[in-house]
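Engineer: Can you make the complete structure from the sequences, with help from the hints?
Top line first, the protein sequences correspond to chains A and B. Residues 1 to 133 in our numbering are what the first sequence lists, from first letter to last. Residues 1001 to 1247 in our numbering are what the second sequence lists, from first letter to last.
Hints in this document: simulated from the structure, not taken from any laboratory. For clarity, every value in this text was computed on a predicted model and none was experimentally measured. Check each hint, because a few of them may be wrong.
[Unchecked claim] Only some residues are given here: those of chain A computed to face chain B with a beta carbon under 8 Å: (1) V24; (2) K25; (3) N27.
[As the list claims (entries may be wrong)] Here are the simulated EDC-like cross-link-like pairs (lysine to aspartate or glutamate), alpha carbons at most 20 Å apart as the crow flies: (4) K25(A) <-> D1008(B); (5) K57(A) <-> E1157(B); (6) K23(A) <-> E1157(B); (7) K23(A) <-> D1151(B); (8) K45(A) <-> E1149(B); (9) K23(A) <-> D1145(B); (10) K25(A) <-> D1182(B); (11) K23(A) <-> D1152(B).
Note that the Cβ used here is the ideal one computed from N, Cα and C, for glycine as well.
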Amino acid sequence: MFNKDSKFEKFKDAETIIGASIKVKGNFNGQGDIVVEGMLEGSLKTAANVFVGEKAKVSANIEASEALINGEINGNIKVKKYLAIGETAKINGDVQCGEISIERGASITGQIIVSAEDSKKGDSKKEKIELEA
Amino acid sequence: MNAYIYDDFLNKSRYRRAINRVEIRLTDLGLNGKIIRLGAIKNIKDVIQAEMKNGIKNIIAVGNNETVNKVVSSMIANKTYGFFQKDVLFSIIPIGGNNSIAHSFGIKKEEDACNILLARRVQKIDVAYAGNNIFLNKAELFSNDAVVEIDDDYHLELNRKANIKIININDDNYLAFKNKIDSNDNNLNLIVSGRNQDNTFITSKHIKINGTGELILDETISVPMPTEIGIIEQKINVIVGKDRSFN
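Structural biologist: Structural data, given as structure tokens:
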């Protein structure tokens, strides 16, 4: 479902792509879109968007404008705008975002805060959900 | 106004015919200039510096990738280069094998090079360094235990079978991500190609490579590891063909 999402089509032109055979350790800071298909340990921060692939394993806190998560995340996710969680996603950590969509089958262990304050001024909406699928 | 730097291997008789063809074509086009033979001089830097002070406008390396490396290293190492940078153009007349840099400039044969010099299509490009050497196209990493540190922020642990290239300007029309590579953005591009289109693309200003093995610069120069790779402050203006493999 999310793979066809037009919001994420531009990932094809991502500034940084970490392939499946690569292991990255350290603090990854970027300005452009980042695709993670391999392993990442440390922190991941970008002013743009993050795509985490189905086979990716990320042990890091993630900060981005928008994100599409299909892989395994051990860490907190903070997304300013739209966060899409795919059916193969497995998240162990807290999630904070402006808007969210969660596909059936996704696993999230942690607190989810959906706050429209960041994405839409004056239209604040807060939800706290704890899920264990 | 033109200085043609002939590499010393061109003294061999097998290159005589190609040299003659080039010289006749250059004369026909009114592009003849001073010929400097590397075999006869000891300090190429001093010679090029003197030519730049005398107002030379075009410096043309005649030979292969190694010739290009010698000439560009000498150009940018000059104290005067910063002052003359805007005015001095560089190009290549490829003769012999191992001419991937000329090919990336869109210069396939020596006769094409003369026409390209006449057309004067100019592009500004970055010059990269690895250790004490410069390179224009790429550095290829050959190592089983390399750890690649990017901008002092993070490092990559690489699969042994991966094909690792650090690219300044692209010389491969079939390269994955070739459209992402900018020849004038002050950045290097690390590409790791694995099986089944498992590719990695990272843009960086500074890369440290630790471990054992070697880097091969522009298919010519071997640099031992560990080493550091980056972009030097000076850029060069090059005369390129329309079929160049970079933007």
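Engineer: Now, for every hint given, state plainly whether the structure supports it.
Structural biologist: Status of each hint after checking the structure:
Interface restraint check: V24(A) against chain B, minimum CB-CB distance 6 Å, threshold 8 Å, status holds. Taken as an interface hint, K25(A) checks out: its beta carbon lies about 6 Å from the nearest beta carbon of chain B, inside 8 Å. Contact between N27(A) and chain B, as hinted, is supported at the beta carbon level, the nearest pair being about 5 Å apart and thus within 8 Å. Pair hint K25(A) plus D1008(B) does not hold up; C-alpha atoms about 47 Å apart against a cutoff of 20 Å.
Proposed proximity of K57(A) and E1157(B) is supported: the alpha carbons are some 14 Å apart, at most 20 Å. Proposed proximity of K23(A) and E1157(B) is supported: the alpha carbons are some 5 Å apart, at most 20 Å. Of the pairs offered as hints, the one joining K23(A) and D1151(B) holds, with about 16 Å between alpha carbons and a cut-off of 20 Å not exceeded. Taking the CA atoms of K45(A) and E1149(B), the gap is about 18 Å. The hint holds against a cut of 20 Å.
Proximity of K23(A) to D1145(B) is assessed by CA-CA distance (about 13 Å); at most 20 Å being required, the pair is judged to hold. Restraint check for K25(A) and D1182(B): not satisfied, since their Cα atoms lie roughly 26 Å apart, outside the 20 Å limit. Between the alpha carbons of K23(A) and D1152(B) the distance comes to roughly 16 Å, so the proposed pair stays at or under 20 Å and holds.
Hints 4, 10 from the earlier list are contradicted by this structure; the remaining hints agree with it.
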